[in-house]
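Chain by chain, the residues:
2 protein chains.
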Amino acid sequence: MSTALTCTVELLSIGNELLLGNTVNTNASWVAEQVTELGGEVTRITTVGDNLEEISTAIREVLRRKPALLITTGGIGPTFDDMTLRALAKALRVGLRLNESAVSMIREHYARRFQKRRVPLTKPRLKMALIPDTGTPIRNPVGTAPGVRIRSGATDIFCLPGVPKEAKAIFRQTLSKVIRAKTGGMTFAEKWFKVKGVMESSLAPAIDKVMRTWRGVYIKSHPRGIEASGRPSIELHLSISSLNTRNARKLLQNASQDLARRLTALGGRVTHLS
Amino acid sequence: MSTALTCTVELLSIGNELLLGNTVNTNASWVAEQVTELGGEVTRITTVGDNLEEISTAIREVLRRKPALLITTGGIGPTFDDMTLRALAKALRVGLRLNESAVSMIREHYARRFQKRRVPLTKPRLKMALIPDTGTPIRNPVGTAPGVRIRSGATDIFCLPGVPKEAKAIFRQTLSKVIRAKTGGMTFAEKWFKVKGVMESSLAPAIDKVMRTWRGVYIKSHPRGIEASGRPSIELHLSISSLNTRNARKLLQNASQDLARRLTALGGRVTHLS
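As you go down the protein sequences, you meet chains Z and D in turn. Take any residue in the first sequence, note its place counting from 1, add 1057, and you have its number in this note's numbering. Take any residue in the second sequence, note its place counting from 1, add 1057, and you have its number in this note's numbering.
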């Protein structure tokens, strides 16, 4: 029998475009969804701009809360405003050093991509190999900037690129295994319902009752507006995280049936979405 | 002549669905975009779950950084896990009270929506009128839960619903005017470029030079991957916030021309996107 382990995770999204609002933070939702499916628990998401002081302050605050993992996205590329690694070194009070294996990764990347043409390792390119002293680079299977892994106290820190394709590739290749190891096999199960014809304020007591009866099942209501018929439409999300997969499925099943019964009694029309 | 005023804004997004990753935080990007267009500056976005302690801790942390505005979204509805207002009262060390004008707003909403049918003000419905002692309710033009405005030290706090349509309606009706008054007429201007055939690491020195020449213009590069032809494609975003609209436009124009010239010299093909 494996033992239940919680793996708390904080995300730190870095980039002025997120604060200007012209980019939607899909990296955070994608990573959060993966972490949840692997049995981990995202406890907070913080977004800051490309500012050395802001990033390093935010990192220090996260470390004080001692999550098992801190995953940062953005700010590890070649441009002047990519400053996540400098901010990380500052937060951890360690130096930055040109990491030889990171240099090799970058060199190999350019050699692979531009087979004939020689791409010189200019200063902006080498900047991507300047990582905190105690950190290790992680191979980026689809881009140039290597990811970085570094330990600080209770927290395992991973820095991923901001380009979604690259963040996803490094997550799938490396982080998913790290989280799986930390959660020791916790699984996450969920169900979606749609209910028409009952107001959210009328649902509240039923949801409350079901959650108190089937402990461990969490239910969230999402109002989806009023239909042309004048009837409210609400989506309900039931979920559970547990080490015992069979038990989790059973609990979720029981809670779903109980909830559907109660919603029907309130005059609602219930559809199972998944 | 009006005077330049900065209006710093922090956003606090509340909801387990954001941490589970099954909802993308489009409220944060929409609000951030509006704030930016109105000349305000979003300095940080924090996302926490539906947890009393987490929300009130996050609010206290924001207040310590003294932004001009704190805008929260989510957690003001009728269900058990809507606890933003309780957390706000806790953070500000004030009591919660059934607010009579909030009760009227809720009663009027139901009367408007269900003209014939009497909708009793049950406990979950009255919960939406339980607001911190020193707060004022804000009429919700498209939903039930009123928004809340409350002052704490240097910070004006606004609590908006999590349902995007409702958050947007209250923002447009109330917050946009508040921000416009605080920024005293600051404007934001921007331009988008696309450049093909130059790698991001080669662009870096050109971007750096243009930003140093045309002070106040901020440039961010967004790699958009490699085309079928094997040439990298990158989008560039130039922006400026200034009190002097004419000067801002002129600076942006000059910086754009300078940048386009430099990119062409590097062998790039430049397209103006806006």
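These are calculated hints, taken from the structure and not from any lab test. Take the hints with a grain of salt, since some may be wrong.
You can't tell identical chains apart in this list, so a pair holds if it fits in one copy or across any two.
[Stated by the list, open to error] Using 25 Å as the maximum straight-line C-alpha spacing, the simulated DSS-like pairs for lysine-lysine come out as follows:
hint, residue 1, residue 2
1, K1253, K1266
2, K1307, K1248
3, K1307, K1147
4, K1180, K1123
5, K1239, K1147
6, K1253, K1147
7, K1248, K1147
8, K1222, K1147
9, K1123, K1222
10, K1277, K1225
11, K1123, K1147
12, K1277, K1222
13, K1222, K1234
14, K1253, K1123
15, K1222, K1251
16, K1239, K1266
17, K1248, K1266
Quick rundown of the hints versus the structure:
In this assembly of identical chains, K1253 and K1266 lie within 25 Å of each other by CA distance solely inside one copy; the values are 20 Å within and 58 Å between copies. Only within a single protomer do K1307 and K1248 lie at most 25 Å apart by alpha-carbon distance; the minimum there is 12 Å, versus 54 Å between protomers. Within a single copy, K1307 and K1147 get their C-alpha atoms no closer than 48 Å, and across copies no closer than 38 Å, so neither meets the 25 Å cut-off. Within a single copy, K1180 and K1123 get their C-alpha atoms no closer than 35 Å, and across copies no closer than 38 Å, so neither meets the 25 Å cut-off.
With identical chains, the CA atoms of K1239 and K1147 are never at most 25 Å apart, being 27 Å at best within one copy and 34 Å at best between copies. In this assembly of identical chains, K1253 and K1147 lie within 25 Å of each other by CA distance neither inside one copy nor across copies; the values are 53 Å within and 35 Å between. When the C-alpha separation of K1248 and K1147 is checked against a cutoff of 25 Å, the pair qualifies neither within a copy, at 44 Å, nor between copies, at 33 Å. With identical chains, the CA atoms of K1222 and K1147 are never at most 25 Å apart, being 28 Å at best within one copy and 41 Å at best between copies.
For a Cα distance limit of 25 Å, the shortest separation of K1123 from K1222 qualifies neither inside one copy, at 28 Å, nor across copies, at 36 Å. Proximity of K1277 to K1225 under the C-alpha cut-off of 25 Å is restricted to the inter-copy arrangement: shortest distance 22 Å between copies versus 27 Å within a copy. For the homomeric pair K1123 and K1147, the shortest alpha-carbon distances inside one copy (18 Å) and between copies (24 Å) are both at most 25 Å. Proximity of K1277 and K1222 under a CA criterion of 25 Å is satisfied inter-copy only: 18 Å between copies versus 30 Å inside one chain copy.
In the homo-oligomer, the alpha carbons of K1222 and K1234 lie at most 25 Å apart inside one protomer (18 Å), although the nearest pairing across protomers, at 39 Å, exceeds that limit. Taking the shortest Cα distances, K1253 and K1123 never come within 25 Å of each other, neither inside one copy (43 Å) nor across copies (43 Å). Taking the shortest Cα distances, K1222 and K1251 sit within 25 Å of each other only across copies (19 Å), while inside one copy they are farther apart (32 Å). In this assembly of identical chains, the alpha carbons of K1239 and K1266 never lie at most 25 Å apart, being 33 Å within a copy and 46 Å across copies at closest.
For the homomeric pair K1248 and K1266, the shortest alpha-carbon distance inside one copy (18 Å) is at most 25 Å, but the shortest distance between copies (53 Å) is not.
In terms of the numbered hints stated before, the structure departs from hints 3, 4, 5, 6, 7, 8, 9, 14, 16, listed from lowest to highest.
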